[in-house]
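**Q** Protein chains in written order, with the numbering used here: chain B, 7 to 370; chain Z, 599 to 916; chain U, 131 to 430.
By construction, these hints were calculated from the structure, which means they are not laboratory data. Incorrect hints may have been included.
One side of the interface only, derived from the structure: several residues of chain B facing chain U at Cβ under 7 Å [stated by the list, open to error]:
#1 Asp115
#2 Val148
#3 Leu198
Listed next, the in silico DSS-like pairs over lysine-lysine satisfying Cα-Cα at most 30 Å (straight line) [stated by the list, open to error]:
#4 Lys38(B) x Lys261(U)
#5 Lys56(B) x Lys196(U)
#6 Lys51(B) x Lys261(U)
Bear in mind that the values here come from a model prediction, so they are computed numbers and not experimental data. We put the CB at the ideal spot given by N, CA and C, even for glycine.
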Amino acid sequence: MTLVTETAIDAAADPRDRGGPAQPMLIVENIKKYFPIRAGLLNRKVAEVKAVDDISFYVMKGETLGIVGESGCGKSTLARLLMYLIERDEGNLVLDGDLVGEKSGVPIDALRRSLQMVFQDSYSSLNPRLPIEQSIAYGPKVQGIKPKKAKEQAQDLLGKVGLRPNLFSQRYPHELSGGQKQRVNIARALALDPRLLILDEAVSALDKSVEAQVLNLLSELKEQLNLTYIFISHDLHVVQYISDRVLVMYLGQVVEIGPVDKLYSNPKHPYTQALLACRLSMDPDERVDAAPLAGDPPNPVNPPSGCRFHTRCPHAEDICMAKAPALGDVLKATPDQHLAACHMAQAGSGHSKAPATLAELFNI
Amino acid sequence: MWLYALRRLLLTIPILLGVTIICFALVKLAPGDPIQNLVRPETPPEEVAKLRAYYGLDQPVVIQYFVWLWRVLCGDLGRSIANNALVSEEVVRAFLNTLNIALISVVIAFVASMALGIIAATRQGGAVDKLVTAIAVFGISVPTFWLAVVLVIFFAVNLNWLPATGMGADGSHGFNYFDWNDFKFAVMPIIALALPPLGIMTRTTRSALSEVLNQDFIQTLRAKGLSEGRIIVHAVRNIMPGATAMLGLQLGYLIGGSVLVETVFTWPGTGFLLNKAILTRDIPLLQGTILVLATVFVLINLVVDLAQSMIDPRIKRI
Amino acid sequence: MSVIPADSASLPAAQGAPATKVRGYWGSVWNRLRYDYVTLFCLGLIIVIILLAVFAPWLSPMDPEKSSMANRLRPIGYKKYLLGTDEQGRDMVSRLLWGGRVSLMMGILPVVFATLVGGMFGVVAGYYGGKVNMVIMRTMDIFFAFPSVLLAVAIAGSLGGGIGNQMLTLTVVLIPPICRVAETATSQVRALDFVDAARASGASTISILFSHVLINVLSPVLVYSSTLVSISIILASGLSFLGLGVSPPTADWGLMLSTLRQSIYVQPIVTALPGIAILITSIAFNLVSDGLRQAMDVKA
Numbered sequence: 007m008t009l010v011t012e013t014a015i016d017a018a019a020d021p022r023d024r025g026g027p028a029q030p031m032l033i034v035e036n037i038k039k040y041f042p043i044r045a046g047l048l049n050r051k052v053a054e055v056k057a058v059d060d061i062s063f064y065v066m067k068g069e070t071l072g073i074v075g076e077s078g079c080g081k082s083t084l085a086r087l088l089m090y091l092i093e094r095d096e097g098n099l100v101l102d103g104d105l106v107g108e109k110s111g112v113p114i115d116a117l118r119r120s121l122q123m124v125f126q127d128s129y130s131s132l133n134p135r136l137p138i139e140q141s142i143a144y145g146p147k148v149q150g151i152k153p154k155k156a157k158e159q160a161q162d163l164l165g166k167v168g169l170r171p172n173l174f175s176q177r178y179p180h181e182l183s184g185g186q187k188q189r190v191n192i193a194r195a196l197a198l199d200p201r202l203l204i205l206d207e208a209v210s211a212l213d214k215s216v217e218a219q220v221l222n223l224l225s226e227l228k229e230q231l232n233l234t235y236i237f238i239s240h241d242l243h244v245v246q247y248i249s250d251r252v253l254v255m256y257l258g259q260v261v262e263i264g265p266v267d268k269l270y271s272n273p274k275h276p277y278t279q280a281l282l283a284c285r286l287s288m289d290p291d292e293r294v295d296a297a298p299l300a301g302d303p304p305n306p307v308n309p310p311s312g313c314r315f316h317t318r319c320p321h322a323e324d325i326c327m328a329k330a331p332a333l334g335d336v337l338k339a340t341p342d343q344h345l346a347a348c349h350m351a352q353a354g355s356g357h358s359k360a361p362a363t364l365a366e367l368f369n370i
Numbered sequence: 599m600w601l602y603a604l605r606r607l608l609l610t611i612p613i614l615l616g617v618t619i620i621c622f623a624l625v626k627l628a629p630g631d632p633i634q635n636l637v638r639p640e641t642p643p644e645e646v647a648k649l650r651a652y653y654g655l656d657q658p659v660v661i662q663y664f665v666w667l668w669r670v671l672c673g674d675l676g677r678s679i680a681n682n683a684l685v686s687e688e689v690v691r692a693f694l695n696t697l698n699i700a701l702i703s704v705v706i707a708f709v710a711s712m713a714l715g716i717i718a719a720t721r722q723g724g725a726v727d728k729l730v731t732a733i734a735v736f737g738i739s740v741p742t743f744w745l746a747v748v749l750v751i752f753f754a755v756n757l758n759w760l761p762a763t764g765m766g767a768d769g770s771h772g773f774n775y776f777d778w779n780d781f782k783f784a785v786m787p788i789i790a791l792a793l794p795p796l797g798i799m800t801r802t803t804r805s806a807l808s809e810v811l812n813q814d815f816i817q818t819l820r821a822k823g824l825s826e827g828r829i830i831v832h833a834v835r836n837i838m839p840g841a842t843a844m845l846g847l848q849l850g851y852l853i854g855g856s857v858l859v860e861t862v863f864t865w866p867g868t869g870f871l872l873n874k875a876i877l878t879r880d881i882p883l884l885q886g887t888i889l890v891l892a893t894v895f896v897l898i899n900l901v902v903d904l905a906q907s908m909i910d911p912r913i914k915r916i
Numbered sequence: 131m132s133v134i135p136a137d138s139a140s141l142p143a144a145q146g147a148p149a150t151k152v153r154g155y156w157g158s159v160w161n162r163l164r165y166d167y168v169t170l171f172c173l174g175l176i177i178v179i180i181l182l183a184v185f186a187p188w189l190s191p192m193d194p195e196k197s198s199m200a201n202r203l204r205p206i207g208y209k210k211y212l213l214g215t216d217e218q219g220r221d222m223v224s225r226l227l228w229g230g231r232v233s234l235m236m237g238i239l240p241v242v243f244a245t246l247v248g249g250m251f252g253v254v255a256g257y258y259g260g261k262v263n264m265v266i267m268r269t270m271d272i273f274f275a276f277p278s279v280l281l282a283v284a285i286a287g288s289l290g291g292g293i294g295n296q297m298l299t300l301t302v303v304l305i306p307p308i309c310r311v312a313e314t315a316t317s318q319v320r321a322l323d324f325v326d327a328a329r330a331s332g333a334s335t336i337s338i339l340f341s342h343v344l345i346n347v348l349s350p351v352l353v354y355s356s357t358l359v360s361i362s363i364i365l366a367s368g369l370s371f372l373g374l375g376v377s378p379p380t381a382d383w384g385l386m387l388s389t390l391r392q393s394i395y396v397q398p399i400v401t402a403l404p405g406i407a408i409l410i411t412s413i414a415f416n417l418v419s420d421g422l423r424q425a426m427d428v429k430a
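Here chain B stands alone, though its shape is the one from the complex (with noise of 0.2 Å):
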């Protein structure tokens, strides 16, 4: 694990920076996204998915940040959102200090060469009728690179990630097994010589072995190419493994955002807890026999009332249903600060277990 200041300073060698190592790579200010629900006769609007319902967050240069959470908790669309994939409701991107925007600051297409993505199902993103040296020179070519050019620096990619080009530039995706597949998916996402990689469940389709191979390539391609993730995975031992910070999404909102040891040492959310407990421990005596975490996710149409996690909440009180805990200001808190939102992180909620205020402890 290194440390975030460290990176940030190596970051500062790099020619394509502008605003500086305390800069951050990426910002992301209160993005929302709803998806309308037709139905009925005339196919009104008839509910909304708050898939992403007002999060922020930012990633500093040269870190990588795991975004861990529940199927459906709206990690996916995330990643979509910032790619500019589908369009969001409400919300600013600030890339490198600058606003990316269709009218004003960065535009969109310069957003997408210094950001790239590694999708996670590796059968459907890969073009099955292009041999995967062309799928990977397709977006050099878009973006005005010569053809010959293109394909050159395809072959060298793939002996970056680990393909022996001459072997493999002309074969086609149903000939190559599924971690070969997501070594030229993260080919591919390369080629545009980005700066920010967002790779979506980038290994959780592969067997055990092969995806410590792929997470290896990762953090080496990471030294070599000074790069930055979003790591998004449901499986926390990989968070653990590959990430500086971690933020833990439950129905489309940001519980908890810390540092990677804070985090996973000493879990705020009871959320974060659950899943926590929910690992296979390595030892046997340690496993928990019940399920930490019961039932199912409530459904992001009708979210509970208050803070979200209160239906599967063991400490849920009254407070909780009544008023949603806010985070704090993420994007105000230092990298290595580690926020939750729950009622019983913070002092003078009203919550049982809340932490005392100054007056309480002073019995003023």
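With chain B held as given, fit chains Z and U onto it using these hints.
**A** Chains Z and U only, in chain B's frame:
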């Protein structure tokens, strides 16, 4: 469930409107002055002028359409150029004749195709399967009017078993489907009509059934010790919703597509009426017949969809 | 982390992969087709039929439109008339060869036109979705409200006979089904991640359509279109049979069947000949498209 039915019903309205637009456009498609397409050539000019006003042909096209649509909704499909008869009456009379043989054909084709499909699917890859597939390919590929001609050559010319054409001495008035002297006129049209749907439905049944038979739950049934006969019953029940939907669709195709067979056998149905309208360039008759047939086809589709949604629980009923 | 083997980074994933000869998509299709003898036979048959039609002017022994009152309705093998004569004493061999030109053209050209037009509409509807999709597909739904034979008869019946009108009619009839297949295929491809990956690399819609979507939509659409050739031939001959195709004395299988029908009591076998030609051609096209579909059904 009811919401789905209501929605499906409402969706039919724009389709039917579209059908009327196309039928209305047919008159405009025909070369020449539209009013001349609608009246007999010897009609006096003042009569023509009156009709022009009656159909609103001096108005813009959109108004013409609505004037025409209003008359159609009132049941007025105009008059035939050839004999000045009401198109609506002609079509209804002919439609019943077509409906009768189409119904018999489709039922025969359905029963036969289920039998052939089951036989083929349970003996996949064998000689019987190949034979059934050959029959299906023949049924799909054969031009019905040629088949009709060949039937006439065999059964009417060579063997002299069946009458070649027509509907018998009484015509459609006293036609009795339960009297052989009448029914023998219908035998060849029914066979000629039944073969293409037989081919299509056999192929569909065979592939649907073999797909079901390769599914895991069939293995489970076998493992439970169910006899092969019972297993087939299980599998057939699985494909029934699709098969009945197919039955309805094929009935629709037969009613709409009988023009060639009816022409060969001079069977006085809607197809024969269409042929007559084409030969005499009787545009009102053509338009009216097509409008009625297309409407019936849309309604059959509606019924099929509704029936299927009731039989098959997997179809969403939002 | 205990799950990660320490030396895994030095293990290239490539090592285990055998250096097989790389074969493209069409190579694997051909490899399957090679052992499908029925399809190959029918393919050969189609080539022969096409060659016969193309070289009809040189192959036909007589003028197909020259009638001879003295030699009307001769049986098969009568003197120099290998397949007899028709009701106007014209040589059947010559007429079948020449008629094949019209019939094949009517089977293939409308399908080509309809594939271009219907395919384009379908791809646009499938890729853009939303309102564009609704307008295009609901319009197609209206044409689906007519059984194909009825729609053909309706349009051709109003337009009147003639080869151009027949071609136009068949194209219009074939557009909606092709459009629907193209739309389904496109919207399936559209949902796959590689399209999003292409968008994420900043590619324009046009570039994505041509480089990524079309290449994947093409084979299902072409396979489907090939099944329509036989339908188009049958529909065309049906229209000609009703007098809505070429005008006499031009030879056309459907029209020949129609005019010979009067002579059914005199020369039944000769009467059946044009129909047999239609049947053989239609079966051949049907089986080839079946074989093609199976060969192209590539599962990864």
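**Q** Determine for every hint whether it applies to the structure shown.
**A** Right, here's what the structure says about each hint:
1. Asp115: Status holds, d = 5 Å.
2. Val148: At 4 Å from the nearest chain U Cβ, Val148(B) passes the 7 Å test, so the hint holds.
3. Leu198: holds (6 Å)
4. Lys38(B) x Lys261(U): holds (24 Å)
5. Lys56(B) x Lys196(U): Distance ~78 Å between Lys56(B) and Lys196(U) Cα, so the pair is violated.
6. Lys51(B) x Lys261(U): holds (16 Å)
The structure is inconsistent with hint 5 alone, although it conforms to all the rest.
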